[in-house]
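Participant: Here's the letter readout for the chains.
Protein chains: 2
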Amino acid sequence: MIRGGRFCPFCPGNELKTPPEVLAYRNGYGPNQPGWTVRVIPNKFPALRVEGNLDRQGEGMYDKMVGVGAHEVIIETPDHQATLGDLSEKQIESVFWAMRDRALDLKRDERLRYILFFKNHGEPAGSSLEHSHSQLIALPVIPKRVQEELDGAKRYFEFKERCVYCDMERQDLESGTRVVLETDRVIAMCPYAPRFPFETWVLPRRHASHFETADAQLLESLSWVMRTLTRKMDKVLEKPPYNWVLHSAPVHDPVLQHYHWHLEFIPKLVKVAGFEWGSGFYLNPTPPEEAAKFLREAGV
Amino acid sequence: MIRGGRFCPFCPGNELKTPPEVLAYRNGYGPNQPGWTVRVIPNKFPALRVEGNLDRQGEGMYDKMVGVGAHEVIIETPDHQATLGDLSEKQIESVFWAMRDRALDLKRDERLRYILFFKNHGEPAGSSLEHSHSQLIALPVIPKRVQEELDGAKRYFEFKERCVYCDMERQDLESGTRVVLETDRVIAMCPYAPRFPFETWVLPRRHASHFETADAQLLESLSWVMRTLTRKMDKVLEKPPYNWVLHSAPVHDPVLQHYHWHLEFIPKLVKVAGFEWGSGFYLNPTPPEEAAKFLREAGV
Chain A
1 MIRGGRFCPF CPGNELKTPP EVLAYRNGYG PNQPGWTVRV IPNKFPALRV
51 EGNLDRQGEG MYDKMVGVGA HEVIIETPDH QATLGDLSEK QIESVFWAMR
101 DRALDLKRDE RLRYILFFKN HGEPAGSSLE HSHSQLIALP VIPKRVQEEL
151 DGAKRYFEFK ERCVYCDMER QDLESGTRVV LETDRVIAMC PYAPRFPFET
201 WVLPRRHASH FETADAQLLE SLSWVMRTLT RKMDKVLEKP PYNWVLHSAP
251 VHDPVLQHYH WHLEFIPKLV KVAGFEWGSG FYLNPTPPEE AAKFLREAGV
Chain B
1 MIRGGRFCPF CPGNELKTPP EVLAYRNGYG PNQPGWTVRV IPNKFPALRV
51 EGNLDRQGEG MYDKMVGVGA HEVIIETPDH QATLGDLSEK QIESVFWAMR
101 DRALDLKRDE RLRYILFFKN HGEPAGSSLE HSHSQLIALP VIPKRVQEEL
151 DGAKRYFEFK ERCVYCDMER QDLESGTRVV LETDRVIAMC PYAPRFPFET
201 WVLPRRHASH FETADAQLLE SLSWVMRTLT RKMDKVLEKP PYNWVLHSAP
251 VHDPVLQHYH WHLEFIPKLV KVAGFEWGSG FYLNPTPPEE AAKFLREAGV
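Residue numbers (the numbering used here), protein chains in the order written: chain A, 1 to 300; chain B, 1 to 300.
Heads up, a few of these hints could be off.
When chains are identical, the list treats them as one kind, so a pair holds in a single copy or across two.
Derived pair list, reagent style DSS-like, types lysine-lysine, alpha-carbon separation capped at 27 Å [as the list claims (entries may be wrong)]:
hint, residue 1, residue 2
1, 64, 144
2, 107, 44
3, 293, 271
4, 160, 64
5, 64, 271
6, 271, 235
7, 235, 160
8, 144, 107
No wet-lab data here; the hints were simulated from the structure.
The model shown is predicted, which means the values in this text are computed figures rather than measured ones.
Can you make the complete structure from the sequences, with help from the hints?
Facilitator: Given below as structure tokens:
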């Protein structure tokens with residue numbers, strides 16, 4: 001299919017123009033044929049590849065290793081035009097099921113220590129293809145930012161014997177000022193000291209360290225919250241470009257009492273400049289209470 | 001002065017439209033008058049303010065403190081049109097002298113634990129005003145990224161009893177492949193595993209933890225290297241937007257054997273997206289050896 005004059009490799013009918021699929025939900029037809037609702041394929045230009053071994057070695061004082069891993073694209077809908085907010089709850093649920101299935105499959109590879117799911121939406125947020133998709137990168141190391149969260153959450157747990165994310169939810173549900181949305185299973189809230197304007201976190205209400213343990217009720221609730229949140233963002237911020245990223249415990253870790261999986265949604269509204277690169281601190285002009293109020297009140 | 005139809009508060013003649021200067025190098029006239037070569041003023045819309053005390057307090061499980069600090073603008077030239085690469089070596093030297101003077105002055109305030117100098121050049125790199133300038137933010141805490149460098153460098157020193165930056169310089173000068181420029185006092189090199197394409201670090205060759213201890217010879221050499229590096233970037237990358245940031249030891253720390261001040265120059269060529277925000281890792285398609293070769297060979 002050619003849309004807007006441009007060939008789209010993610011559209012139905014073009015299945016043979018992509019690497020062979022690793023997962024698809026479809027009725028009828030065989031693999032790499034049309035008829036799918038969600039389709040997962042290896043990235044044609046992967047950051048990491050599954051082949052080979054890590055081959056850690058020194059180069060004088062430096063260390064290097066081969067980039068073993070996986071880089072896959074989750075095509076979220078056959079409809080070229082639809083954005084995440086346009087999709088039905090059922091369709092979004094299928095996307096999260098696909099993510100869960102891929103996590104469980106990739107987890108079997110002992111070399112892969114972390115699976116990071118993320119979405120880039122819109123060109124300013126780093127997306128090069130219009131057709132709605134998210135991605136996963138499976139890594140042979142724990143990402144730096146996740147390790148920092150794991151370490152911080154562990155220190156908090158050692159001190160308090162409580163999960164810091166559960167505590168955040170409890171305190172913020174009580175005050176209500178930073179809550180955007182809630183169901184009995186999932187909460188969306190602007191964190192107390194967000195890096196970015198309108199940064200919003202989506203968390204399961206019952207403690208859980210690993211996303212891939214989510215059951216049908218939780219994925220259903222998550223899908224409703226993500227759909228509603230995206231529509232609220234689209235309304236309040238006029239269809240902003242955005243990124244989201246899913247932080248879960250490392251796949252080979254046992255159930256962790258101190259860590260709590262969550263999704264971080266960041267609309268791309270401001271430029272990151274010298275101060276942020278140099279300090280690792282972020283200047284954020286929008287208080288989270290204000291962002292949460294706007295989002296809470298936006299009817300969708 | 002109105003340039004290109006727009007009023008510029010940094011141009012000579014408009015001194016009274018900015019907050020009163022905290023430092024200027026000038027011949028004749030009095031403060032806040034024309035005739036300056038470099039002028040330092042408080043930022044009109046500061047991220048932090050000098051007034052008040054830190055007032056650390058809890059809000060349930062969260063902690064907060066008042067944003068005590070300073071945010072200043074270093075106007076690098078009276079010439080509205082000139083970019084850093086257009087300035088004479090003498091003029092750039094004056095800019096670094098102004099930075100050094102401001103560091104020594106702000107250091108007297110015991111509440112301020114860190115002074116971060118940085119430059120945003122071009123709109124995609126976060127600059128809102130065209131007239132060439134850099135900035136400083138003085139903070140009541142050590143920036144996260146600097147603390148990580150301090151900790152990492154300390155661990156290396158404990159292991160090796162050598163400064164990791166001195167070791168990098170030694171190894172890279174020997175191989176030469178990542179070196180962009182060198183004088184007998186300063187080196188510019190692409191680090192071994194850079195986050196960004198064409199990321200380049202500028203370091204003094206003799207070990208020094210604090211930028212503000214630099215002497216006249218070192219500042220002269222630094223200015224020549226920064227001018228040449230900027231011109232090479234302009235040539236190879238066609239006048240890219242860029243950020244640079246100066247990392248120095250915390251002002252109240254004694255001389256540190258394990259830390260080495262340096263300037264990180266980052267042309268803004270790629271978009272930071274979900275993977276980078278989520279992982280703290282950076283996908284960089286350009287090997288530093290290739291970037292260094294391009295820059296080394298660019299005649300300016």
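Participant: Evaluate each hint against the coordinates.
Facilitator: Each hint tested on the structure:
Taking the shortest alpha-carbon separations for residue 64 and residue 144, both the intra-copy value of 16 Å and the inter-copy value of 25 Å come in at or below 27 Å. For a Cα distance limit of 27 Å, the shortest separation of residue 107 from residue 44 inside one copy, 22 Å, qualifies, whereas the shortest one across copies, 52 Å, does not. With identical chains, the CA atoms of residue 293 and residue 271 are at most 27 Å apart within one copy only, with a shortest distance of 23 Å there and 30 Å across copies. Taking the shortest Cα distances, residue 160 and residue 64 sit within 27 Å of each other only across copies (19 Å), while inside one copy they are farther apart (38 Å).
Taking CA atoms no more than 27 Å apart as the test, residue 64 paired with residue 271 passes between copies only; the shortest distance there is 25 Å, against 32 Å inside one copy. For the identical chains of this complex, residue 271 and residue 235 are neighbours both inside a copy (21 Å) and across copies (25 Å), given an alpha-carbon limit of 27 Å. Taking identical chains as interchangeable, the C-alpha atoms of residue 235 and residue 160 are never at most 27 Å apart, the minima being 40 Å within one chain and 56 Å between chains. For the identical chains of this complex, residue 144 and residue 107 are intra-copy neighbours only, at 19 Å inside a copy versus 32 Å across copies, given an alpha-carbon limit of 27 Å.
Against the hints set out earlier in the document, a violation occurs for number 7 only.
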